[in-house]
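S.K.: Here is how the chains run, residue by residue.
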Amino acid sequence: MSTLQRLTERLGDILDEGSVITDPVRLRTYDCDGLTYHRATPGVVVLPESAEQIAAVVRLCDEYGVPFVARGSGTGLSGGALPRTDGVLIVTSRMRRILEIDIPNRRAVVEPGVTNLAISEAVRERGYYYAPDPSSQQICSIGGNVAENSGGAHCLKYGFTVNHVVGIELVTPQGEIVELSDRDPGYDLLGAFIGSEGTLGIATKITVRLSRTPEAVTTLLAAFTGIEGGGRAVSAIIGAGIVPAAIEMMDALAIEAAEAAVHCGYPEGAGAVLVVELDGPHAEVDHQFAAVERICRETGAFEIRVAASAEERAAIWKGRKSAFAAVGRISPAYIVQDGVVPRTALPEVLAAIDRLQEEFGIRVANVFHAGDGNLHPLVLFDDTVPGQGEHAEAASGRILDLCIEHGGSITGEHGVGVDKSRYMPRMFSEEDLDTMQLVRCAFDPKGLSNPGKVFPTPRLCGEVPGVRKGVHPLVESGMAEQF
Amino acid sequence: MDPELIKDCVHCGFCLPTCPTYVLWGEEMDSPRGRIQLMDQHVHGTPVTDEMAGHLDACLGCMACVTACPSGVRYDRLIEQTRAVVEQEHRRTPDERAVRAMVFALFPYRRRLRAMRLPMAMSKRLRPLLERVNPTLGAMAELAPPAPRHVRLPPVVRSRRRRRATVGLLTGCVQGEFFPQVNAATVRVLALEGCDVVIPPRQGCCGALSLHSGREAEAKRFARRTIATFERAGVDTVVVNAAGCGSSMKDYAEVLKDDPGWSGRAEALRFRDLAEFLVELGPVAERHPLPVSVAYHDACHLAHAQGVRAQPRQLLGAIPELDLREIAESAICCGSAGTYNLFQPQAARELGDRKAERVLATGADLLVSANPGCTMQIAAATRRAGKGELRVAHTAEVLDASLRGLSPQSLGWVSEVAR
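In the order they appear, the protein sequences are chains A and B. The letter at position 56 of the first sequence is residue 56 when you use UniProt numbering, and the numbering goes up by one with no holes. The letter at position 400 of the second sequence is residue 400 when you use UniProt numbering, and the numbering goes up by one with no holes.
Okay, chain A solo, but in the shape it has when bound:
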């Protein structure tokens, strides 16, 4: 009997029959998250309903040396929740209770399987919302948001998940239940945990900050003939000292896809559209709106629409928020990239991506958070044509190279996961990566918590339990000490 089988037999002590999945047909439905390019059927799936159950499962994994992976709604775009065939997939989709809403202290305590949007919906009537808004907010889980430090269109002004989570209860890779808070003195362990992509443990309870719904919101859609005009407008708006709640851009191909999917009715003939949202007190929004409108006209917008109602605002956003999935309408398969470049480098990088399209003979749709230079090039390909997947992979690797060359990053908000781990050495030196491993080893010495993600190759305490590969270079040089 394999180790995993022995472990599985003991799961019955922790969970009821319906919460342990071993049937191969059922297991296959968990073989990937939102990134379908990588697939692996999990060894066993568990659907716990409490932190204690998760802790007990993790303790079993620790005892048997079996790797485990946490999964929320399975919408991640970097394969962060890609299962292990030899491991346990711990799915939090049944932990979706909102435990506490504390308006005077602007806090809500939720279980990890609660969707991002459900938090906002629960407090909307009282004039509050949860600010980070990934495009998948209707389904992505808050536990997954914590793991990936997810952002969204409005993070330009309001920050990422890390800026809105004030406390976490987590299960460590040894199966202990631990609480972290932003009030803890000493190292910012909460900050270290958020965005650790499941490699430091599993969040089981999350305390989020609630934000006051802004007094006024104005959304404007500006259409340009080409992407350059939109880029100039973005630089000019930020240059004028305005921080909009969001500035989003879509190019012609992305507009075509969104039109096909949700009939968003963006202006005809637009080579690029810019969505600018301003929020805050009425007086401020009015003032900024006049400036933004003027800037858009000056930089060549041929049509400007202003949402007069919540419905019209939703209509503008619908095109943008469905853009990724909508690309399914114009291409059988695609890779979503998530590079970051300094805002000022936007025009140059976009022109370079254009050249790449010609060089590779592949189409790239561009959807991006223009305000913070977070690009989401969608590399389109046909997965039924042999070799096209690899070709698209190569093209999207080149796009990431471009981002790094221009002083940016390989990920803005989707995480590294399994998809971009091999690009980490292009951004970081071996010493950098080793230092990160020291942090990881402090939490997860056996390397059982979501192994194979983020880092390119197992090192130090390693992905293989108990195997230590030599002395860490920092230890060797006397710069660090290992306890």
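No lab work stands behind these hints, which were simulated from the structure alone. Take the hints with a grain of salt, since some may be wrong.
[What the hints assert, rightly or not] Straight line, CA to CA, 30 Å or less: simulated DSSO-like cross-link-like pairs of lysine-lysine:
#1 A:318 - B:387
#2 B:250 - B:387
#3 A:318 - B:7
#4 B:220 - B:257
#5 B:7 - B:387
#6 A:157 - A:205
[What the hints assert, rightly or not] Output of the computed footprint for chain B on chain A, the stretches with three or more beta carbons under 8 Å from beta carbons of chain B:
#7 318-330
#8 425-437
For every residue, glycine included, the Cβ atom is placed at its ideal position computed from N, Cα and C.
With chain A fixed as given, assemble chain B onto it according to the hints.
M.R.: This is chain B only, laid out in the frame that chain A set:
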């Protein structure tokens, strides 16, 4: 199952929060994304296992996922094809087979339904016993509305003003036998709005139940007969007041696509939901005030399958003094879903309870929906909740009351409280 349709799914997961079974159980294989993955497994050679059939059977076919999908996946087509495959390849237990045979031998046939009206109404007292024999029988007893007075509709009703249109009316099986007053109201409203209404006397089942349960040959047979009936009646527009029937009739051309003659004949007929038709026609009859608060329930086969959401609200909202209220989570199915509450009584009950809670939270006097299945399901669930009685009515009955200047007290039926 068409692999090309399966390929359209990009696995984004936007469908998950709108799927009733995912909402209930939170597991991937009971979500549209997971079910498409199961279909994909089958296409790649995995046989239909008991587990696979179980998860596919658990799908209500509510089509909320079709509305939610940004990639335009035709889940409606996929699940229809899949159900036919399950019917052919999966051997159900003797119990399941017996119950299915009974339901499909009863519901699509009006005369048999008529014979069952009284026994079904009386079966309420026997419910505990029936429940023990078979959960489906128990569910039938619980759902059955009171046996209504029989209403005989003439073959043609002339317009009450200058004629603006001539339409056919599908009277439906369950609608016709258990809610004849809805058909009567529909005819009066159409006549008052300037329509000649042709009601072919011996029309049969439209085939919706069969189509949505993978009984393809039977569905096609019913479809052909219904098309022929309305051709003979000499109309080119057929108005339907039951959401489930309307959605399958709009699919006739696709259902019969292997038969060019028939699909062409299907395309020549225009099928319209009552609310959709009335809004297209535009109102001319005077609306009298109707001081009543109404919670409007979106039937899945109207909202998701036919995209008819705004029209019923527009019609109800235009009635003076009527207070229209929205039900929270309106996109989630009530659990009725054609035969679902008979074959999957447990899941249907949980969804019904969830819906009843949200309907009661509106505090409205009257629940209005455009599907007889939903009406029976939600009425049964509110009775279970034991929080007083909720009156239920069809959009047509509310319009009829306003057009004729009746009092709101005349509206809706309350079925007896179950013990």
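S.K.: Please verify whether residue 318 (chain A) and residue 387 (chain B) have alpha carbons no more than 30 Å apart.
M.R.: 39 Å, violated
S.K.: Test coverage of the region 318-330 of chain A by chain B using CB-CB distances below 8 Å; three residues minimum.
M.R.: holds (count 7)
S.K.: Quickly compare the C-alpha distance for residue 220 (chain B) and residue 257 (chain B) to 30 Å and report which way the hint goes.
M.R.: 10 Å, holds
S.K.: Hint check: residue 250 (chain B) vs residue 387 (chain B), CA-CA at most 30 Å. Holds or violated?
M.R.: 38 Å, violated
S.K.: For a C-alpha distance cap of 30 Å, please report whether residue 7 (chain B) and residue 387 (chain B) respect it.
M.R.: Violated: residue 7 (chain B) and residue 387 (chain B) sit about 47 Å apart, past 30 Å.
S.K.: Verify the coverage statement for the region 425-437 of chain A against chain B, using a C-beta to C-beta distance below 8 Å and requiring 3 or more qualifying residues.
M.R.: violated (count 0)
S.K.: Checking one constraint from the list: CA of residue 318 (chain A) to CA of residue 7 (chain B), max 30 Å. Satisfied?
M.R.: Holds, at about 23 Å.
S.K.: Is the Cα-Cα distance between residue 157 (chain A) and residue 205 (chain A) 30 Å or less?
M.R.: OK: residue 157 (chain A) and residue 205 (chain A) at ~26 Å, within 30 Å.
Checked against the numbered hints given earlier, this structure breaks hints 1, 2, 5 and 8; the rest are met.
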